[in-house]
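Using the sequences and the hints, build the whole thing.
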Amino acid sequence: MNDKKKKPQKLRARLPRGFVDRAAADIRAVDEMTAKIREVYERYGFDPVETPLFEYTDALGKFLPDSDRPNEGVFSLQDDDEQWMSARYDLTAPLARHVAENFNDIQLPYRTYRAGYVFRNEKPGPGRFRQFMQFDADTVGAAGVQADAEMCMMMADTMEALGIKRGDYVIRVNNRKVLDGVLEAIGLGGDENAGARLNVLRAIDKLDKFGVEGVKLLLGPGRKDESGDFTKGAGLNEEQIAPLLEFANFKETVAGVRYSNALDDKVSYPLPFRDAPDTWADHVNLPADWRAKAASLTGLIKPPAASNDTWNLDNLSIFALIFKANEKIIEGLNELAQIAILAHAAGYGEDRIVIDPSVVRGLEYYTGPVFEAELQFAVTNEKGEKVVFGSVGGGGRYDGLVSRFMGQPVPATGFSIGVSRLMTALKNLGKLGMEEVIAPVVVCVMDRDTESLGKYQQFTQTLRHAGIRAEMYQGNKKNFGDQLKYADRRGSPLAIIQGGDERAEGLVQIKDLIEGKRLSGEIEDNTAWREARVAQVSVPEADLVAKVREMLAAQADDRARGD
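Residue 173 in this note's numbering sits at position 173 of the sequence shown; the count goes up by one each step and never skips.
The hints are simulated quantities; they were obtained by calculation from the structure and are not laboratory data. Given the structure is predicted, the values throughout are model-derived calculations rather than measurements. Some hints here could point you the wrong way.
Beta-carbon label-pair distances, calculated as ranges [as the list claims (entries may be wrong)]:
(1) E238 - V387: 27 to 33 Å
(2) A553 - G499: 22 to 28 Å
(3) D558 - R166: 33 to 39 Å
(4) S76 - R561: 56 to 62 Å
(5) K209 - D488: 41 to 47 Å
(6) R404 - E471: 49 to 55 Å
(7) V387 - G562: 31 to 37 Å
(8) A194 - A295: 32 to 38 Å
(9) D351 - E39: 20 to 26 Å
(10) A13 - D449: 54 to 60 Å
All C-beta atoms in this analysis are idealised placements derived from N, C-alpha and C, irrespective of residue type, glycine included.
Structural data, given as structure tokens:
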């Protein structure tokens, strides 16, 4: 029998799938970005609020766009009182709870912003994480679409505050009422079809990811991905799928109609949101059924008395003519027309805010206008393909979310920015993380008696109080050369050195590590190196701060010149 004790197995360090560690550069980049976003939100009159990472599961509700995971896509645990708690999956549902719980103390309209991590129990993949940061702004207690229009304008201002120029971004706007109206027209109206409607919206929302054929499969029997995993489809038939694909491809449909209107020998369509009904007879080659359809919209559509925003109003007109109009569609289109007019009156034209009835937001709780911030420039994906960067944020009206707690209507609208995704975009544009962070000056520890350590700590604190990043070497290496290696690997610009001889004379040595590294390639002889005392100066202790500032400034000038 072997009595030899087995060596205890070492614990293997590993990161859970779908989670990442964040390095200093990324943390600083996020801080830089969120400061600019916060400045815009504050300028619009929004105030900060913070809610906890965990909420009671029933308070969060089941509104996630992907429910094919345990616990409906959330991370949950049971408390010792047997109540279930879940990590928040977004920042909106916790806000609804906060408003309801503090309703009597909150001044409506309640305008607030908050940033924080959210968690999704979803299948991780390239660029898809289970923990990510969002930055939200919401208005609770404002029922008019002017609040939705303001959200769109604020998002446009946020994009530009981050250095994204016009033409590289657009805020796309739709209305959940339009989407619900289209679904009602294909037989998916009523409470009994609520689940089917949500599955359809989730499928259409994946158009950019899977393309038309992928969405068609998700609307029908289902889709198998590259790994072999199968996602069950919505189970629609071909007649139901066809108008939905036309809906999803609305941009191409609009382009075709605009092209037709531009040519005299083609059909010229009436534009009910812009043209008066008595002019519709003038349109070229308009088929009788289209003329009847346009006439049926008389009295339902509310064209503005005057507006220069012809592009967005024409988009709405084309949609109203192409799709079978019902009460929900018309209500949604009229609200979109009002948003377009309000935005245009405030100076936000179609180059910044575009009405696009094909925009879908996958979350179930939206009840009215929905919007997305989309970046238009191309990037290279993990397959080496050039693709448009796409959405970096979205939101919409959610009038029922707070009402779940209150038993009375509480209108609300908001917008959420995907911080990590937007940070990636800004780095691609060279708009983030470009400010150089200078590593700290390192004060070397030559002697380790209490008096000497006190002196080194004094130098370090003196530099810090002067606004200079500094650290006293805290490692175990007593060898001076090893300490300089540490400083070099840290990228430190200077090293502060004082041995017993310098201390007796009240002097301190300052070694320029940047210049020393450069000159080391020019001096090959060790004797010459020692005699030159490369890039190292001796100054009285009282002049330490002034000399360090001078040397750091010289290094900054070198960097600016590209030396």
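Tested hints:
1. E238 - V387: 27 to 33 Å: Once the Cβ atoms are compared, 29 Å apart, the range 27 to 33 Å for V387 and E238 holds.
2. A553 - G499: 22 to 28 Å: holds, 27 Å
3. D558 - R166: 33 to 39 Å: This hint holds: roughly 37 Å between Cβ atoms.
4. S76 - R561: 56 to 62 Å: Between S76 and R561, where Cβ atoms are some 57 Å apart, the hint holds.
5. K209 - D488: 41 to 47 Å: Since K209 and D488 have Cβ atoms about 46 Å apart, the given range 41 to 47 Å holds.
6. R404 - E471: 49 to 55 Å: holds, 52 Å
7. V387 - G562: 31 to 37 Å: holds, 33 Å
8. A194 - A295: 32 to 38 Å: Check passed, 34 Å falls within 32 to 38 Å.
9. D351 - E39: 20 to 26 Å: holds, 23 Å
10. A13 - D449: 54 to 60 Å: Given about 38 Å between the Cβ atoms, the range is violated.
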